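Colleague: Based on the sequences and whatever the hints tell you, model everything.
Note that the working numbering gives residue 7 to position 7 of the sequence shown, counting from 1, and the numbers run on in steps of one.
Think of the hints as simulated: they come from the structure by calculation, not from any bench.
Since we're looking at a predicted model, the values are computed, not measured.
Cβ atoms here follow ideal geometry from the backbone N, Cα and C, with glycine treated the same way.
Just so you know, not all the hints are guaranteed correct.
As the list claims (entries may be wrong) - Now the in silico label distances, taken between C-beta atoms and shown as ranges:
1. Val-22 <-> Met-87: 20 to 26 Å
2. Val-30 <-> Met-87: 18 to 24 Å
3. Thr-55 <-> His-25: 37 to 43 Å
4. Arg-109 <-> Ala-29: 33 to 39 Å
5. Ser-27 <-> Gly-3: 32 to 38 Å
6. Leu-91 <-> Leu-7: 22 to 28 Å
7. Arg-109 <-> Gly-82: 38 to 44 Å
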Amino acid sequence: MSGDSLLRATLFGLVLQLVMVVAGHFSPAVAQFFAVGGMLISLLAGLVHGRTRLTWGPAAAGGAVAGGACALLGIFVSWILGDVPAMILALGTAMSALTGAIGGLIGWRLPRVLA
Numbered sequence: 001m002s003g004d005s006l007l008r009a010t011l012f013g014l015v016l017q018l019v020m021v022v023a024g025h026f027s028p029a030v031a032q033f034f035a036v037g038g039m040l041i042s043l044l045a046g047l048v049h050g051r052t053r054l055t056w057g058p059a060a061a062g063g064a065v066a067g068g069a070c071a072l073l074g075i076f077v078s079w080i081l082g083d084v085p086a087m088i089l090a091l092g093t094a095m096s097a098l099t100g101a102i103g104g105l106i107g108w109r110l111p112r113v114l115a
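Modeller: The following block contains the structure:
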């Protein structure tokens with residue numbers, strides 16, 4: 001079940017990342033928010049995964065994987081389109097993995113706070 005949750009969270013984040021990247025390619029107003037928007041999307045992907053975990057470790061680890069993977073693929077497409085330098089592949093992925101882990105922890109804790 002963990003793999004299904006991780007795949008679902010990663011695909012959710014990837015779709016949002018690709019929408020942002022394509023919109024940003026054609027609109028400089030969107031492109032200026034790539035960093036903040038990308039990390040927010042990774043946080044949401046981590047949150048989606050974290051809500052399905054019972055303990056904080058798998059929630060944070062899965063959130064990091066989901067957030068980092070969707071960001072890596074989104075940034076790669078943006079790099080292919082010529083919108084970001086190659087260095088952002090490493091830096092953006094690392095920061096998005098961190099935000100995904102935070103999202104995973106928020107998602108893990110959120111149902112317990114609301115219950």
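Colleague: List, from low to high, the hint numbers that the structure doesn't satisfy.
Modeller: none
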